[in-house]
Structures are given as structure tokens and as C-alpha cells.
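Make a model of the complete structure from these sequences and hints.
Protein chains in written order, with the numbering used here: chain A, 1 to 516; chain B, 1 to 327.
These aren't lab readings, by the way, just hints derived from the structure by calculation.
Footprint (simulated), chain A over chain B, 3 or more residues, beta carbon under 8 Å:
#, stretch
1, 25–37
2, 65–79
3, 149–161
4, 319–325
Chain B stretches covered by chain A per the calculated footprint, using a threshold of three residues with CB under 8 Å from any CB of chain A:
#, stretch
5, 48–62
6, 197–206
Now the in silico label distances, taken between C-beta atoms and shown as ranges:
#, chain 1, residue 1, chain 2, residue 2, range
7, A, V81, B, D288, 56 to 64 Å
8, A, A241, B, K271, 52 to 60 Å
9, B, P107, A, E308, 32 to 40 Å
10, A, L374, B, A44, 33 to 41 Å
11, A, A299, B, G205, 15 to 23 Å
12, A, W35, B, A323, 24 to 32 Å
13, B, A141, A, G296, 38 to 46 Å
14, A, A299, B, K271, 39 to 47 Å
15, B, D183, A, V274, 51 to 59 Å
16, A, G329, B, P107, 55 to 63 Å
17, B, A141, A, L278, 48 to 56 Å
We treat Cβ as the ideally placed atom computed from N, Cα and C, and that holds for glycine.
Below are the chains, spelled out letter by letter.
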Amino acid sequence: MARGPVAVIGTGAAVCVAALVLLPLGAVLMRASTWPAFAPGDGQAVWFTLWQALVSAVVSCVLAVPVARALARRRFVGREVLITLMGAPFLLPTIVAVMGLIAVFGRSGLANQALAAVGVPPLSVYGAQGVILAHVFLNLPLAVRMVLQGWQAIPAERFRLAESLGFAPAQVTRHLEVPMLRAILPGAFAVIFVICLTSFAVALTLGGGPKATTVELAIYQAVRFDFDLGRAALLAGLQFALCALVAVLVWHVVTQAGFGAGLDRAPVLRAQGVGPLLADGLAIGGTAVFLLLPLGTIAVRGLPGLLELPDAVWAAAGRSVTVALASTGVTVATALALALRVSDARWGAGVIDAVALLPLATSGLVLGTGLFLLVQPWAAPSSLALPVTVAVNVAMSLPFVYRLLLPEARVLRADYGRLSESLGLQGISWLRLVAVPRLARPLGFGAGLAAALSMGDLGVIALFASDQTATLPLVVQRLMGAYRMDTAAGAALLLVVISFGLFWAFDWWGRRYATV
Amino acid sequence: MKTSILATGLSCIALAASAETPVLTVYAGDYFTSEWGPGPAIEAGFEAFCACDLQFSTGDLLPRLMLEGQRTQADVVIGLTTDVLARAREAGFFGPHGQDLAALTLPVAWPDDTFLPFNWGHTAFIYDTTRLTSPPATLAAMRDLPDGVTVVIQDPRTSISGLALVLWVKSVYGDQAGAFWSDLAPHILTVTKDWSESYGLFTSGEADMVLSYTTSPAYHIMAENDLSKQAALFPEGHYFMAETVGKIAGTDQPELADKFLAWVLTSEFQKTVPAANWSLPAALPQADWPEGWSDLPLPEKVLFLTEDAAEALRVEAVEEWRAALSQ
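Right, here's the structure in full:
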């Protein structure tokens, strides 16, 4: 079963990813003129960064469990659409997400208007609670999808067996659901924790001021404002260390559920009674309102501007789609290679697993600056703006796609490894007949994520971009900078629609292919 | 990837075709070259008489120059703001501009022989007359705003206007700047990474006042016919900001660069500044400002810290701000 080539390609991919992330950091460090030092306020920034990331990740994961379970065991009209739509917040560019959240939870937002109508004094979103709220809004969709996938991956036969053995709900939970959650949740937690670790504009705006300073903000200041590359590299290194710590912890906590293979029948989760029905309704309804209301305000805000977008916006949109598709292809191939390699559980799997999470902890700004320094002796950086954007997008979306693939790749190895081996299935045929069909669901979802994330990227382009290479997010920012808030809202809506369209198309393919 | 390879190929062909025409490479701020920025008019105006090809290269200015060092492609850099000039000067990339400064119409003395200002404005708090009927009349009144009045500002660690604000407060209050921030803190709704997010929060009605520029109402008046956005003008004075042009010392197009700098000071160029940059022209008597601009209310007193003074105060002023707002 293709152990040799897969191992070689997987290891090679890991080396490339590590190089893509670490070489630029090294280049920045080499270029630093002074030995870096910490500044006053750094301690506070590290502390705030850590605890908000921890709380955001825990809340997202804890809330995801009842929501995913409700979605897994209920069938209703529009369920598929709802699941897809609920993924959208994760794909929002941060500035758009912040505006949507403020339209709902802000001082004059819908929530406070509703409270005022019943005579309750307004609640302030600005502060630590706002940071957590925003991070949960952005990341709960990811957690729900990861956990939901876990539930769907439990073979229907195990639930049938549990039923015929007369398991009480608590026993089903203990023997089927908890082992699945132990396999899925640590990975979901790690990914969300690391995303929140590198958050910056969201944390500052909703955090209400410098109390909500994160390490990433300090990096931005060091690169863009103080031009203190040594300090930028020091802080980026610190982020790496925190991320690596989490990766190691997760590696030791994660376990395999070991359900074995099933016949791929639709899973039967049953929950009788009014109590569970109400609970599930509340979980699904509450989450839908929480996630979809801000999206709705973004749409309402953007619609008028959408009708009269300048040509530059459409040109940028075309460029962004091209970049997104190129990034998606490379990301999915790399993530698949890494996941197959790690699921092989050979030497170095732990290290490769950490490497695959590493790009998440990277500051896009330091990565961009480092690439600029590396590229510059050989070519004019502006001529490489789009290829560099693709490379950075790949690095940034790889960890998500990898995380989605890994649990399923492990199951694939455990359930079909020996069969494939005894059939002599190898190489391309193994990929085509076994790996891709078995992994189609996470592959489609991952490709959708990669495409949407690549649409939204802004981190590195500022150093490289020229007019001819401006991407859609950059154009949104330029419009806002030129007072054209309505046009910017329209362009932002276009960005959201395209991101979501790409996501939906890939995700639909994955689910479709998986059922064939 | 394929398209970018194609694009690179096409641009190579285009380069070869225009090999005889000298190229002036101008690094400009990010907002510059979009169709709603000042770039297209500047390019067309200059190319009409320079017998050259003006190429803008947009993006971060100072960080990019610092990264490129002596390898930079730039001949001219346009858009460096006053508060980063000390660091730009210290980096040593720029040569003397060689222009006669007599044409300047700035409200402050400008003896600089390296950086040439092309537009200016002041920081100001903008409010909406439909939402705030009795705006603060002095900077001191900002310390004593009525309950519930909210202000949104930019972070001085990430935004040039945010930095101008802390220098503004520092130059008015000196040692008492920290106390000013403590008094204003309860009214600061939030702090954003850059100007556009703040301004978006203000125009969407989330905040009552926003840190912006005295020229911001001009956009609403002229582009939207909306008279409700006004700058609160304070007798203590408003902090001056200008955007400048500089010539790279090692440029391989010194004559063209000089021509460009001279052109920046002409009234033809200066007349395009207000509506394209939404700021005031640096070398144009007020009588010649485009229609509507002369009526724009502007503060009487202008505050400006010299480069060295600003640089000396910067770290301290930002730290006072951070400490007071982190309570």
C-alpha cells in the first residue's frame, strides 16, 4: 500500500513546509541590526494572548459538542444548507467579521436594541468578553464541523450494536461518543487555540483598547512601525514556542477511537423524548442565530454598494480567485501527503505533526518580510507578488486541511491498511480507489477551507503588492482608506460571497463523492 | 500560477518595447494608485510633459525601503508622513530635494532640504451633528465628556494618525498627558488598528466621535452632499501632519526625479491634491483652493513638534497612553 512513495513524499512535504516557515524567520533574524529585547507591556501582552486563546478555544470546543451532536442526530428540511452556511463565519476576513459582530452586539447593535425594547440596560461588547465572543463566532463553525465529522465517521453498525445490546444513552456516550471526542477534540482545540494566539485586529477592536494587546500586535508594531526586525523575530519565535508546546501536549492527549470499519450506512443516532428534542432545537437554533445574524447584517450593509462596484474590484476579484485556486491545489496535495505520512505512525510522525501545525503560529507579517528578504537578491519582489501570496496561503491554510484529514487518515490506515496490502494496491491506484474516496469528505471540506482562506488573506501582500497584483481584500482596505465605506461594504460582500461560493463548491464535491 | 507566469512574460515584452523611454519609479502609499486615489491624475499629468514613463509601486514605504536598502528600485518616494521622517532621514537613503521652498503655503515653518511636503492637514475629532448636538468646544472638554458619549481612536503603535493623537495630547498637556488619557479613557469605546476601521465604526453610528482629520468633513460635503459630519475645533490647537516627497540619493534618474519634485510644487499638481487626497495643498494660496475648500472650517492654532522633539517624546507618549488605557 504505497508505503515507500507516500513516506518519501510526506517527509519531503514536511521539509518544504518547515523551510517555508523557518527560513524567512531566519532571514529576518539575520537582518536584525540589534540584539532583541522585550519591552514594557510584553509580559501583559503574552499573558493576555495566552488566556484569551485558551478561553476562546475551550468555549468553542465545549459549545461545538452539543451543536454537532444535535446536527448529527436530527433530520430536518434545510439541514445541509444550514450546516454549510454555519461554516461561513470562519471564512470571513477579520475586518468584515468585526463589522458584522458590532452591527449585532455593538453599542447600537441589534442585541442592545432588543434589550432596550424590554427595558434592560445595554451590554458592552468591548472588553475581554468581546474578544471571546468574536473568537467563538469565528471558530465555533470550524469546531462544529470537525466534531460533526467525527460523529458521522462512527460506523452505523456500532450504534446498531449498542442498540441491540440495550445500551442506555449514557452508555452510548461512554463507549462510542467519548472515544470519538477524545480523538477529535484535542486537534480542534489546538487549531483554534493557535488561531486565537495570532489574532490581532479582532482582539484590539473588540477588546476595547491596549488592554487587549496581543503578541501579534507587538510584531506588527515592530515590523511596520519601529522597523525593529530583531524584536519581530524574537516575538515570532515566542509565538512558535507557545504553539509548539500546544502541539506536543495535543500529540500526547489524542487517542484513537478504534471503531473499526463499517459498511458506510447512514449513521443512526436516536434520541427519544421531549428533553433531548428541546435541547437539540436550542443548540441548533441558538447557534444558527448567533452565527447567521452577523452574516445577515454584512449582506444588508453590502448590498447597495454591490450594485455599483468599480472595475478595479472585479479585476481584483478575478486575481483573488486565481490565487485561491492555485493555493487550494497545492495545499490539498501537501496536506494529504502529510496526513498519510503521519498516520503511518513511523519514526518522526510526532515531529511532522508539529511541523504541520507550525505555519499557524507564524506571523504572516514576519513570513512576508522574511520572504521579501529571501527573494530580493534574485528578483524584484513586486514581480513575484502573486506566487509569494500563493506560497503564504498554502502555509497558512495547510494546518487546517491537515487537521481535518489526519483523524480520517488514521482510521483509513487502521481499517483498510491490511486489506489494501493483501490486495497489493499501491501508488496511484491505491490513492484513487482507497484513499481519495475514503477521505473525500474531509478533502472537499479542507479544499473549501483552503480556497476561502486564500481569498481572505491580507497578511503579506502589503509588502509585495503593486497595482496589477492587488487582491480583493487589499482593494476593500483601500476603499475604506479612501472614505468609500459603502463601496467597501459592497466589495466586502462580494469577497464573502466568492469565498463562500468556493467553499460550498468544494465541500459539496466532497460530500457528493463520499456517498458514491 | 499560470496567469502570473503569463503576466510576468507580458510585462517583460512591455518592458522591452518601452526600453527607450526612461522610467521614473515612484514608491507610493497603498491608497495612491487606485482609481479613486491621486495616482492616475499625477501619472497622466507628469507623463504629459516628461517624455518618460512614471511607474508607481505601491505598498508600505519605510519598511520596504529599509528592507531593500541600497538595492531599492525607487527614484522618488511619495507619501512619507511627518512623523516617520526622522527615521527615514536617519536611514540615509534620501538626497537633497533642491527645490525653492518659497512656494510653500504651510501654516508651519518648513526648512527641510530633504523632504518636500505636498499635502497637509490636522488631526481632529469628527462628530455627527445629528447625534451630538453639543460637541466639546475645547480639548480640555474632552476630559469631561457627558456620560455615554463615545470616542473611537487609533492605536499609536500601529497607526500614524493614532501616533499623531498622542503627540497632540503630549504637546498640549506635557507631563499631564497621562492624566488626560485617564480622564478620556471611560469614553473611549475602542481602539482600532488603523484609521479606516475607526472611521467605519463612526459612520455606521457605533461611536459618536472619531479621531480623524480636519479635512474629513470635506469628503462628506463634496462627495456625498452630507453636511452633518463636522470637526470639533479646539482653541488649544490641532496637530499638524503633512505627507512628503523625497528623492532617493542613489537614483539613476536624477534629472527626472528633480523634474517630478519641481512639478509637485506647481499649482497644476497642487490643485489635484484636495479632492484626490482629501487633504490641503502644501503650495497653493487659499484663494486658489478648489471650490468649497476655502469654506472648510479650520483651526486657528496649529501645533507641530519638530522631528527631533517628536522622536524624543514618541516612546514616552505612547507608553503613557498604553499605561493609562490599560487600567
